[in-house]
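Residues per chain are reported as follows:
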Amino acid sequence: MDRTYLPVLLLLGFVALNAVLIVALSSLVIRRRPSPVKDSPYESGIPPLGDARERFSIKFYMVAMLFIIFDIETVFLIPWGVYYRQLSCAVPMVNNVCPAGNVSFFGLGEMLVFMAILVVGFVYVWKKGALQWD
Amino acid sequence: MPYDLGIPGQLTLALAPDLVLLGGAMALMLVAAWGPESAARQRTVGIGALVLCVAVLAMVIAVAIRQPSAANGVIAVDGFRWAADALFLLAAIIAIALSIDYNPREGILAGEAHVLTLFATGGMMLMAAARDLMVLFLGIELMSIAVYAMVGLNRRSPRAAEGSLKYFLLGAFATAFLLYGIALVYGATGSTNLAEIGERIAALGLSRSPMLLVGIALLLVGFGFKLAAAPFHMWAPDVYEGAPTPISGFMAAGVKAAAFAAFLRVWLEAFPGVYTEWHKAVWWLAATTMVVGNIIALQQKNLKRMLAYSSIGHTGFILVALAAGTPQAATAFLFYLFAYTLATMGAFAVIIAVGQSGGSGDRIEDFHGLWHSNPGLAVAMMVFMLALLGFPVFGGMGFFAKWYVLQAALQAPAPQTRLAIILVITSTISAGYYVWVVMVMFMKQRATDALRIPPMPAMTRWVVTASVALILFFGVYPEPLVRLARASTAVGIAPVDGGPASTAALQGQ
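Residue numbers (this note's numbering), protein chains in the order written: chain A, 31 to 164; chain B, -3 to 505.
Do not rely on the hints blindly, as some may be mistaken.
Facing chain B, a subset of chain A residues (Cβ under 10 Å, in silico) [unchecked claim]: (1) 144; (2) 147; (3) 150.
Just a sample of chain A residues kept apart from chain B, beta carbon distances all over 12 Å, derived [to be verified]: (4) 40; (5) 52; (6) 77; (7) 102; (8) 115; (9) 128; (10) 132; (11) 134; (12) 143; (13) 157; (14) 159.
Simulated from the structure, these hints should not be mistaken for laboratory data. As the structure is a prediction and not an experimental result, all values here were calculated from the model. Glycine is no exception: its CB is placed at the ideal position from the N, C-alpha and C atoms.
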């Protein structure tokens, strides 16, 4: 048996035990005095106004979808930014400095291509009128 | 002059046809969005997409003639890839040509339909090129997401919505299987590169590793779904019935061919060392698929559903070639897919020509007495049905396609005799529904209230005529195509030579 994972197992057991203990203790020791306010799902929030399962305008979904697509570009931009110096060096870096005469435009070019593809998508969305609310 | 895939510029060159196609598709996407949807704009985008496909096809042929090569990398540069690319582009050209006429008739005015076809084709080309499981995954997703949307193009049709949603949900599920399989294979071998996986399985003696075998099994489920192989075929009839007819044809031909091309490369390049293990699974997959597809097809009253089950049956036939796992099988596989693509897409083209707006024309009654009203269409449909059946001479190259698969199965170092027997028996069963269509066209009377079939639009006419001509021509004279297929697989997927034969040698050590 691989002993490396033993601490993880112990931790899992401890967490489960802890959760059971807290819930069990609080239900044993507690004095019950229910009131309508205490029974509402959010004790300190706005009172609920009917069912949440109603029809939403499709525009909300459109906006959410576009947000996800254009938000994800940031996820790709950050590692690129962190790694940019290495990407613009045609040979391995020496002491975190690119040897003279080896600067390449690979990193910049890759990101420009990525951005160009995104812009095409953006222009498409714009032309289709998906960015207009009405 | 081999490409060095480690250099970005050379990698770009090796991917040039795929990149040109995808770049052109993006430009056409903007053309489609530049004004309100209209039949004219739809047509402009469609013609543009056709021109682009033909240009890329010419490019692929020009590259293939130069026979470039590359050392091991993320992308394969070999004849198999170019042959598969040509096949996908052929399917795309037919689908777009049919859509240009079909879409306005059904009220689908979005030019994006053609753009999605192009994106899907780009994904397929990437799948055929992938020599790395991650690139393969990228290709599969690029293809699948475009196809999910293509199935639901007809927004007014509840059946299209049903098909699209079903395909999307089950497809996402299958993708999860595939990805988990990739993760486990990577976990067992420490590489996503197909050639490296193959080497490490042999070098580290992993043929009994449970992690690797579970990974291969999950990959098989993922591929089985994309191929519509039984028991992962449940979605196919609903999706083919709901999708716009040209797209049904595109899925039956192109998507299936792409999944097969990737399947063949992964299995023969990465997993020859565990041939004895996966062979059993593929054997059962092939046998079940042939039996299920061909028997359920007998029951169908709707021609699109019947062709869906027929395409499931054909998946089984092609899997027989794969179970043999030899270079000869890869040759038979390419020839089969070419014949099958032409016959299936031709049959869908005839359904389009017979149908009226509103999506009719796919019931078997619509074909009653077609010979008496439209003899040309009836003869064309007869050729397609007989080609799918594998009938000699009148079925053209369909006969040779099955012949080569049988030959490959029987002449393999480990002959697939029982699979070959099942293939012949199920082919005979399939006559029950293919010949039935021919029978009702020629021997039944046309219903008196049957709507008159409008004259065929130009594009559809071209597709039907060219498909019939090619099927019959290569049925009489298959040599050039066979030589081409053989040349493509001889240079490409080289480790196929290390298929079952060398596996036996490995195990003997």
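Against the structure, the hints come out as follows:
1. 144: 13 Å, violated
2. 147: Cβ of residue 147 of chain A sits 7 Å from chain B, so the hint holds.
3. 150: 5 Å, holds
4. 40: Residue 40 of chain A is indeed farther than 12 Å from all Cβ atoms of chain B, at 25 Å.
5. 52: Label holds. Min Cβ-Cβ 35 Å, cutoff 12 Å.
6. 77: 36 Å, holds
7. 102: Holds, since 14 Å exceeds 12 Å.
8. 115: At about 17 Å from chain B, residue 115 of chain A clears the 12 Å cut-off, so the statement holds.
9. 128: 17 Å, holds
10. 132: 14 Å, holds
11. 134: Since the minimum Cβ distance to chain B is about 9 Å, residue 134 of chain A lies within 12 Å and the statement is violated.
12. 143: The assertion about residue 143 of chain A is violated, with a minimum of 10 Å to chain B.
13. 157: Not fine: 4 Å to the nearest Cβ puts residue 157 of chain A too close to chain B.
14. 159: Violated, since 9 Å does not exceed 12 Å.
When the structure is compared with the earlier hints, violations turn up for hints 1, 11, 12, 13 and 14 and for no others.
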